[in-house]
Each structure stands twice: as C-alpha cells, then as structure tokens.
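**Student:** So the protein lines, in turn, are chains Z and E. When the first sequence is numbered by this note's numbering, its final residue is 227 and no position is left out of the sequence of numbers. When the second sequence is numbered by this note's numbering, its final residue is 481 and no position is left out of the sequence of numbers.
Worth flagging that the hints you see were computed from the coordinates, not collected in a lab. Since this is a predicted model, take the numbers as computed values, not measurements. Hints should not be assumed to be uniformly reliable.
As the list claims (entries may be wrong) - Just so you have them, the derived chain E footprint on chain Z, three or more residues with Cβ under 8 Å:
no., region
1, 40-54
2, 211-218
Unchecked claim - In silico negatives: residues of chain E with every beta carbon more than 10 Å from chain Z:
no., residue
3, G314
4, A316
5, A438
Don't be surprised by glycine CBs; every beta carbon is placed ideally from N, CA and C.
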Amino acid sequence: MTAASLLPMAALGGLVGLDVVSFPQAMISRPLVAATLAGALCGDAGAGLLAGAALEMLAMETLPFGASRYPEWGSASVVAGAIAAGIPPASAGTLVLGALAGLATAWLGGWSMFFVRRLNGTWSLRARPRLEGGDARVVPALQLRGLTADFLRGALLTAAVLALARPVVTDLAPRIASSNWLLVFLLAALGASVAASALWRLAPVVARVRWYAAIACAAAIAVAVSR
Amino acid sequence: MSAPELPRRVRAAMFLRLLAVQGSWNYETMLGNGIAFALEPALRRLPGGPRGEAYRAAMAREARYFNSHPYTAALAVGALARLELDGEAPERIERFRAALCGPLGSIGDQLVWAGWLPFCAMLALFAFGLGATPLAAVLLFLVAYNVGHIWLCAWGLEAGWSGGLRVAAALGTPAFRSAPQRLAALALVLGGAAIPLAAKRLATVVFCPSAWWVVGFAVGAAALAALLVRSRGRVQGWLAALAVLTLATMAAAW
Chain Z
1 MTAASLLPMA ALGGLVGLDV VSFPQAMISR PLVAATLAGA LCGDAGAGLL AGAALEMLAM
61 ETLPFGASRY PEWGSASVVA GAIAAGIPPA SAGTLVLGAL AGLATAWLGG WSMFFVRRLN
121 GTWSLRARPR LEGGDARVVP ALQLRGLTAD FLRGALLTAA VLALARPVVT DLAPRIASSN
181 WLLVFLLAAL GASVAASALW RLAPVVARVR WYAAIACAAA IAVAVSR
Chain E
228 MSAPELPRRV RAAMFLRLLA VQGSWNYETM LGNGIAFALE PALRRLPGGP RGEAYRAAMA
288 REARYFNSHP YTAALAVGAL ARLELDGEAP ERIERFRAAL CGPLGSIGDQ LVWAGWLPFC
348 AMLALFAFGL GATPLAAVLL FLVAYNVGHI WLCAWGLEAG WSGGLRVAAA LGTPAFRSAP
408 QRLAALALVL GGAAIPLAAK RLATVVFCPS AWWVVGFAVG AAALAALLVR SRGRVQGWLA
468 ALAVLTLATM AAAW
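Could you put the whole structure together from the sequences, leaning on the hints where they help?
**Tutor:** Below you can see the structure in the form of structure tokens.
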C-alpha cells in the first residue's frame, strides 16, 4: 500500500462510515461489503472478502440498537480489507493482521461516533433559538453539518489507522508466517462462535427452531468434511 | 375517508430525505431534526408556503425530540405530514409524536436489526461458504437487504400518509406482529448451515485439514459459543476475540 492509495481508502472509509448511521444505511458498511470493496480497490477482492467474512461473523453480536454505543464496523472493515489485500504479498498473515486492525478500528470508531453525536447535540442546542424564532433554514444546515462531520470522521479514522498500521503489518507479517495456519484457524473459530451465540440469543426460545438449526449445522459440517 | 393527494415528486423528495433521517442524530433531539428535514417538502404546501408562519411553526415543532428506528420513521413522517396538512391542532400533533416513539423504535429494532439484517448476512455468508465470488456475495447481500429496506420505507410513508392518526393500525396486523420472530428464527436456522461452511472456507485458506480437524474445530467453536451464550452478554465476543487474537499474534511474533 502506497501513500497515494491512502486517499481512495480514506474516501471509501468516509462513505461507509457515513452509511453506518447517517446516510443511506444501505449496509454497504457491513464488513462483508466494505472489506470486499477495499480489497477490490487494492486489487484483490478475494482477500478483502475473506477479511469481510471474518469480521461479519464477529459483528453479528453488536447490532446498532437505538442509542447504545456500538463498534463502527464500516471504517473498520475498510481497514481490514485494505490490510488483507493491500500490503504485498497478501497472505494468511495479512488476513489475520487485517482482522485484528479491523477489530481495533471498530472499537475506536464506536468512540468517534459518540463524539460526533455529542457534537451534533451541541450544534442542535445552539441552533434551537433560531429555529423556534422561525428560521427554518437551520434544519437542512444541521443535516449537512452532521453528514459532513460523519464523513470526515470515517475518512480520518481510516486514513490514520492505515497509516499507523502499515509499518507494523509490514514488520509483523513475515514474523508470524510459520504460525499463520493456527492464527487463521483461531480467527475462524472465534468468528463462528461469536456469530452462533449472537444468533442463538436473537432467535425466539422455541425448541423446534433450535432443533432445525442443529440439523442444518450438522448437515453443513458433513458437507464441510466431505468437500 | 380516503387520503388527499400528495404529488408524486413531493413523496419522492420525502422518501430520498428519509434515507438521511439520522444525518444529524444526537443525544439531545435524536432523530428530531431528521424528521423535520424529511417532512419539509410536504410542509411547503402549508398555507403561505415556505415563507408562511404555518410552515415555520411546523418546522420548529417537527425538529424537536423524536426517537424511532430509522426505517419505521417513514410511518411517522407520512402520518405527521398528513396531520400538518390537515391542520390538526399543534398540541394534538405533539402528543401523537410522543406516542409514536416507543412502538416505532421497538418494532423497527426487532424487525430489522434482530431479524432482517442477520437473515441477509447469513444468506451472504452461506453463499460465501459455498464458494461464491466476491461480486456474487456482495450483490446477494446488498440486493436482498435493500429490497426489504426500500420496501419498508416506501410502505411506511404511504401507510403513514393514508392512516394519519390511525397509523397504529398498520403496525397491528398479524404479519407485522409475527415477522420479527419468524425472521430471527430463519436467521438462526440459516446460520446453522452458513457458519460452519463460512468458517471452513476461511480456515482452509492456509491448509486443507483432515475430517478430524474439521470435527474438532466445530466442537471447539460450539463450546466457545455455548460459553458466550451462558455469559448472558457479560462477555462481549468481539472484544474477547480482539484480546485473544492480539495475544496469539504477539506470541507468534515472539
């Protein structure tokens, strides 16, 4: 990844960061999509998809309910996809390091969204007297300001993490090469267990449904063994 | 009584603005400003137009605190547009707004975040596990998810406008009441098939394991999942994964 390639990544991070909450919530910010797009921008959509699938499973337990503070998976997935695909040579090691950087970015992103929301609140309170006084132009102005702040938040976060991660990943990737298989196995196991537990808790407590899920799981494991 | 006509371009403008209903989301007014932003094309039709006193008062009123799910907010926007243009009393509109917040938030969260989104994610992961290309997996997820997203917003706007004060009836249909639970159940069953296949595709990037490895992997992952379920939310799986992966990577680099 070169410094020149950081700009499109930052723009993508801004766009998917915006999609998480502000506009248009079309779920281009879901890890499976955002990481694949980042991978494609780096020339290896397949590596991005792998990182996206890992993060998608890990993201299943933190859905954006109400006003709760949750990790921001959009920019995080761009970071993960870019590292998995963008630092040559793309390898299983960069996949794990990408997922790791993505998880850390998701945590930071959750905090950055909290600050943008607080900022929006301050702007909204300040504008209230003008609005109550009959100045309706305040409404689109607040929307535009909020959207701009959210885009910049995602873009800056993505660019900063990628710039910081690049030398670390370049140094670490060859050093963990001999353990790659174990780390990838661990990543897959952690992803699978987090997704399974999240779905289990979301689903209604109906014995028949759980039996169907167990049967589907057994069938899938049989297919996985036989392939 | 049938609903009065609202021009198609006004509805289209309201629909597009609904996509940015959370554009200035904050802890003070939550979706309030976004609701006023989405309603604005309809409010221009108030007596006196956008320079009139009725328009200004309505914009100030609609920008106050409002909370709901962003997609089901379409129902509120449709209904509030109808009430404002019908000339309902401001106190009545404010009481109606306050009454809508809880039900719209709860139904939207259950239907979309706990049902539709996990279902579509599992559908895409299932395709990924079966070997789908990046383009196919991404398109499958985006198309499936946004069919539901766009439909819910468009339906909500229309049902809100038609229903006005009686919009709650639209949410009380048996299909709406049972859909969240059915979708979450479907997501679990689909996840049962998708997660092992996706995990296998991911884990076999480096080497091709024997059947014993796959079974051992499945038992280990199932045990971890059971631990997370038993923790009842006290342990956040993604944070635990961050900690475990960091330690494992540091150990490997050592």
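**Student:** Are there at least three residues in the region 40-54 of chain Z whose beta carbon sits under 8 Å from a beta carbon of chain E?
**Tutor:** holds (count 8)
**Student:** Go check the region 211-218 of chain Z versus chain E for me, would you? Three or more residues, Cβ under 8 Å, otherwise it fails.
**Tutor:** holds (count 6)
**Student:** The output says A438/E does not contact chain Z. Does that hold with a beta carbon cutoff of 10 Å?
**Tutor:** violated, 5 Å
**Student:** For A316/E, is the shortest CB-to-CB distance to chain Z above 10 Å, so the non-interface label stands?
**Tutor:** holds, 19 Å
**Student:** Any Cβ of chain Z at or closer than 10 Å to G314/E, or is the non-interface label fine?
**Tutor:** holds, 18 Å
Going through the hint list in order, the structure does not satisfy hint 5, though it satisfies all others.
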